[in-house]
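Undergrad: As they're listed, the protein sequences go chains A and B. Mapping of the first sequence onto our numbering: residues 14 to 312, in sequence order. Mapping of the second sequence onto our numbering: residues 1248 to 1511, in sequence order.
Mixed in with the good hints, there may be bad ones.
To be verified - Derived coverage of chain B by chain A (criterion: at least 3 residues anywhere in the stretch with Cβ under 8 Å from a Cβ of chain A; other residues may be distant):
1) 1255-1263
2) 1268-1278
3) 1336-1348
4) 1380-1393
As the list claims (entries may be wrong) - Label-pair ranges, simulated between beta-carbon atoms:
5) B:G1368 - A:R88: 16 to 24 Å
6) A:V205 - B:G1368: 56 to 64 Å
7) A:D99 - B:G1372: 54 to 62 Å
8) B:V1285 - A:D99: 20 to 28 Å
9) A:P263 - B:V1421: 52 to 60 Å
10) B:V1421 - A:R142: 46 to 54 Å
11) A:E44 - B:R1508: 39 to 47 Å
12) B:G1266 - A:S24: 46 to 54 Å
13) B:G1372 - A:G106: 29 to 37 Å
14) B:G1485 - A:P83: 40 to 48 Å
In short, the hints are calculated from the structure, not lab data. Heads up, the beta-carbon is just placed ideally off N, CA and C, and yes, glycines get one too.
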Amino acid sequence: MNGRPLTIEVSRLSKRYGPVAAVRDLSFTVEPGVVTGFLGPNGAGKTTTMRMLTGLVSPTSGTATIGGRPYRRLRQPSRAVGAVFDASAFHPGHTARDHLRVYAAMGGYPDGRVTELLELLDLAGAADRRTHGFSTGMRQRLTLATALLGDPRVLLLDEPSNGLDPEGVRWLRGFLRRLADEGRTVLISSHVLHEMQQLVDDVVVIRRGELVAAGPWSQLAGPPAVLVRSPDADRLITALHGHRVETVEPGRLRVHGLDAPAVAGLAARHQVRVHELVAENTSLEELFLDLTSDKAATP
Amino acid sequence: MNLLRAEFRRLLATRMWRGLLLAAALLGGGLMGAMALVGPQNFSPPMPGLDTGTGVRSLLGFLGYTAFVPAAVGALAVTSEYRHRTAAVTFLFAPRRGQVLAAKLAAFGGAGLAYGVILAGTAAGALFGVAAIRGISLGLPTGTVLGLLARVGLAMVVFLLIGVGVGALLRNQVAALSVVIGYLYLGEPLLMMIPGVNRLYPVLPGGATAALTDFTYLADAISQEVGSTAVHLLPPAGGALLLTAYALTAALLATILTLRRDIT
Ligand SMILES: Nc1ncnc2c1ncn2[C@@H]1O[C@H](COP(=O)(O)OP(=O)(O)OP(=O)(O)O)[C@@H](O)[C@H]1O
Ligand SMILES: [Mg+2]
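Pulled out of the complex, with its shape left as it was, chain A reads as follows:
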């Protein structure tokens, strides 16, 4: 990594497409050295925000800066930021090496860097094949290689795990973790949450273009839920009136907002039999559903 770490700052950012408010008054920061997940359901405005961060889309109002500068004012943007938007952005008639050589020339990097990246991303064997025959995983790695040409301090990936098999996802996780550990700023958007679970340190959650939550995900996770197995599930639900209770399957409930002793106490008072009581840490998926559901948005 070359130079000091860079922080991403988004401040009161908005974008309208005609009648559609894609992003509304959005503010958050992304810190170096950690992997930040940028989460939100389809159409939440993730891609639009990331395109504004990189100067591809002009904001209607507000600012987005990287290390204090708007993208278009960065001196050597590809040294500061590597961004991937489309999993497959190359001319089908170009070989992997051709493609990288075009952008190496554009960024002013030597051809040796191309060879290095082909090896780093395990593409050396396919370097001289035309890209139209590439598999999804190879395409993914070639777009990553392109973004990494300038050894950038910030990495922005829009839905990087789309279409990857579990093996590919695991590899990507390890790769991004290493980059963050080197002190880089890593922001990855996704709506496929279980793939992000073991990867992200921080999260920024948006919904309908607005910020819903931001911070270290361990803090956002909030009070744990409790899994209860009971032959008297119906009566337990009545007893838990006022709390959020899901029926996982007949006879199994997930109780939110209470810890295990509280559930046990309630059950005892109402003389409900309980066969099993397991404290459960909120998964990212639940957190996400919690935060982006309509109920959460209108407190």
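Assemble the complex: chain A is given as a structure, and chain B with the ligands must be docked to it using the hints.
TA: Just chain B with the ligands now, with coordinates in the frame of chain A:
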């Protein structure tokens, strides 16, 4: 400078590049050779033979009509950046979009020049070769023929750049190709059949190209039809200026619009 190097690399790495040079040789040597072998006096309708100045000019004029080929290539190359979504990658590496377009124009100017030189060179070979074999002495001095061929070659550069401009403007591959080929190959000749509109011929791209070689075939046909006043082509220099103005306008419009547009 980096941008220019990148655009040349992009161009040279595709198979289209070899196709382009092959097309230049086929259209230059092949088409010219075939036309000269048949002889304009055997065209239908018959035209003056190769031993007359008009005959030689008409062959060079027909060569000018192949300008839609480099124009289509320019449009194809630029729109493929949008089609294959590399435009966003390019603007990530080079957010100054004006410079990107300038580098593209310069690179394609070079490609157009290569195309024009091959086209004119092979056409010259074919024309002089056929004349020598059939023992015809051409109706124009050698120097004049070479000068006219050089003009045709330069016109190809300009048309390639017009294609680049239209492509950058429209971004959609099918649309840009339809416009470029449709207009140059079909649209303009069709327009010329509309009375009144055909008076505009001299200032349209095709008329300006014809002016370069003083190829009055179509202009004369229109004059006959219009009847009253003859339609006159611009002088060659005027044609050259007008063509350049078309290319510049397309490039300028494309640049201005590209600067502000969202890449989504
Ligand atoms: N070019 C555009 N023109 C008009 N509307 C657009 C455009 N791009 C995005 N939008 C709209 O803006 C909103 C946000 O879209 P965006 O692509 O940023 O969402 P996203 O969070 O990336 O969604 P996904 O998870 O589906 O990728 C959507 O309602 C979308 O329809
Ligand atoms: Mg998206």
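Undergrad: Taking the numbered hints from earlier one at a time, note which ones the structure violates and give those numbers from smallest to largest.
TA: 2, 4, 5, 7, 8, 10, 11
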